[in-house]
Amino acid sequence: MQVIEREGLDALFAHLVAEGYDLVGPTVRDATIAYGSIRSTSDLPEGWTEEQDGGRYRLERRGDRALFGYALGPEAWKRYLYPPKRRLWSARRTEDGLELRTDEEPEPRYALIGVRGCELHAIRIQDRVLLAGAFADPTYRARREAAFLVAVQCGDPGGTCFCSSMGTGPGVDGGYDLALTEILDPDGSHFTVTAGSGRGERVLERLPRREASAADEAAAAAVVSRAAGRMGRTLDTDGVRELLAETLEHPRWKDVADRCLTCGNCTLVCPTCFCSSVEDTGDLSGRVAERWRRWDSCFHTDFSHIHGGSVRQSAASRYRQWLTHKLGTWFDQFGSSGCVGCGRCITWCPVGIDLTEEVAALRRSPDAWPGDAPEHRETSGIGGDP
Amino acid sequence: MKGLEQLLAEHPFFAGMEPKDLALIAGCGTNARFEAGDYLFREGEPADRFYLLRSGRAVVEVHDPARGTITVLSAGEGEVLGFSWLMPPYRWVFDARALELTRALVFDGACLRDKCEADARLGYDLLKRVTGVMMQRLEAASVQLLDVYGGVRAR
Amino acid sequence: MSDLVRTPDDAAPPDPMVPAIHRVRRTRQETPDTWTLELEPVDGDGQRTYAPGQFNMLYVFGVGEAPISISGDPTGPPGLLAHTVRAVGAVTRALCALRRGDLLGVRGPFGNAWPIDQAAGHDVLLVAGGVGLAPLRSAFCRILGERSRFGRVSLLYGARSPRGLVFADDLRRWRARFDVEVEITVDHAVGPWRGHVGVVTQLLDYAPIEPEDCVALLCGPEVMMRYVGRELGRRGLPAERTYVSLERNMRCGIGLCGHCQLGGELICRDGPVYSLSRIEPLLRIREL
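Residue numbers (our numbering), protein chains in the order written: chain A, 166 to 551; chain B, 172 to 326; chain C, 46 to 333.
In case anyone wonders, no lab produced these hints; they're calculated from the structure. Using N, Cα and C, we set each Cβ at its ideal position, and we do this for glycine too. All the pointers check out, no bait thrown in.
Output of the computed footprint for chain A on chain C, the stretches with three or more beta carbons under 8 angstroms from beta carbons of chain A: (1) 60-69; (2) 100-107; (3) 307-316.
A few chain C positions that, by computed beta-carbon distances, are all more than 12 angstroms from chain A: (4) 124; (5) 192; (6) 193.
Taking beta-carbon pairs under 8 angstroms as the criterion, some of the chain C residues facing chain A (in silico): (7) 110; (8) 133; (9) 148; (10) 299; (11) 302.
Generate the whole structure from the sequences, applying the supplied hints.
Right under this line is the structure:
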């Protein structure tokens, strides 16, 4: 473990830029912590933190100069690794046929600054979805292989965070090139740094740094353990996959549907949601056509459309699809949970639906269960008019 | 408060049945009540029941993934539902659901079959009544199948 | 680089989202709204092998793509793909409007296959409803091409009306054979139809099965497959040996877009062919 000062962090940024990376990190934008292009530590949200709850997000001033003193803004890193819109190919009618052309431009090389533990897990989950199956996505693969990840461990979890429940934070446990922990000083902060890859080691060697002392290591560990004790939510993950498979007709789904607007915000902000659709466009001349991929959401009414109509028409069925996939059938498809406990879906739901509450409700036996066999509903038996 | 036999005697399905037969059949039945939205039975599940609707309204449905739920039959006061108890393997073919609060007399199929085996005369009477309803339903279904009204195509 | 999960084949594979251009060799109108297209790759090397039950994503220039099961004879001329399309939406209408010489895009084949090899040594029953005969035609052709490997082979086909029967020429030829049983029924008939009228499972009275030794392949509307599966179950055929072919919204065909999910299943990747024992519990949940 090494220690760097702010100058070291700026040196890191400069070094990455010199190596051809596009730096992306947290900034204050639109009254949120939003990822965007950064050049130096002066672009970071110094002294800002967030107040988050169901359907609520506010930036607040801290009393100090922490550079990473927030938890998580609305946007996940997936925007950079699996962009929302992407042209897959364009086609042209020629005299003797159809000519198809894919874009040959090289993919950008991003250095992602400030990746949280939950986000590292989310990226690994998307790796399994988009790279490890029989077919891989070439855009994601290229950007992912190129991306340099600078993780920052969480010191201030948000009001909706439950990474501890999901085993994805607040510390980081691999999947990064460099991992930082911010230690606050009276007049600023400094950082412990560990390398998580050969690439990270080589970069670290170029920075002004000193060896971390036992006190430094203890301070870094304390940041994480303090954060672990301040989670805003918990989720009991015990048997949740089986629970969701067994409660597909639980009356709670109707209850959520009364509140859910099917706006799809949750799928937009979720760092693991990956669903997409394709759009085929043609121009007026009929000679040029393009195929685009764009993000899609299972909340859209036509997401499940087949001849005759959509399979999931009701809000209840669409919310059920999202939740049972995220916490249940994701295991069947990809071998892990799809949720990393970042809490964004809770914060950014306009009506504050909280999936930790929904799961707890599903664990409770309902009073009335549709489809009960008559013996459960019978009254007095012979001689009674109930 | 009416006894089950009394309720049976008043139900059109059993009109004219001898009191001693009603007593035998009553021994296979209980009173039941379904709230709006409750299922009486579900497709694929074990089926060994016969329903006599006393009040309210229930529908027989099939769910198609694209078209949604399609109602193929409705039944209310004075009508009967459920014939899967007559023939093995005793599995429901459709769903049946109460549209509103529905009160029904529910008969155990195995019990009814036993009584019919033991008393062929009772069995024949019961089967005549059941067959009468089935014939009506079959004719009606054939006419429904003709799609005589034509007109609006779904899409 | 961070611990990245690598795909098995690290050499850059062809992009599965880019279609291969094919030309329409021949078209045949089956019914007022159903056409069979025979396709060949424009690039002579572009032939692909496929197994009955699989599907391709067919792309019409400037219109869009649709997943269509392969209906062709796998024992026929290599490099010739056949698809039977029913016009129910913008893309399928455009496919049905293609004519000889037109170009289209083909991605695939995707999905899994009918368990024909597993059925070797057993009786095989194929039950088709409507245009569902298309994916089964491919299986039937393969079975007929290796006839001696199987026991009794029967095809039961139900359509809405006589005008809705697809592959009329094939049906006539198949019915003329002595080593298969082919029975056809319609839901209702107007005009000079002298064949069966009724639901397809009633044909089992004319082509009875030995449930202990039979494998059944079903294809048609989902409600029909559920019903037929249940009727076969009533006659003793276990759900483990009854197979269906499912259909859901598909945008990519390669397991990455998320549209074709049914519970934990990805129909494009784990299906579309499933045993009823595996899939029936999911089919029963409304709006899953």
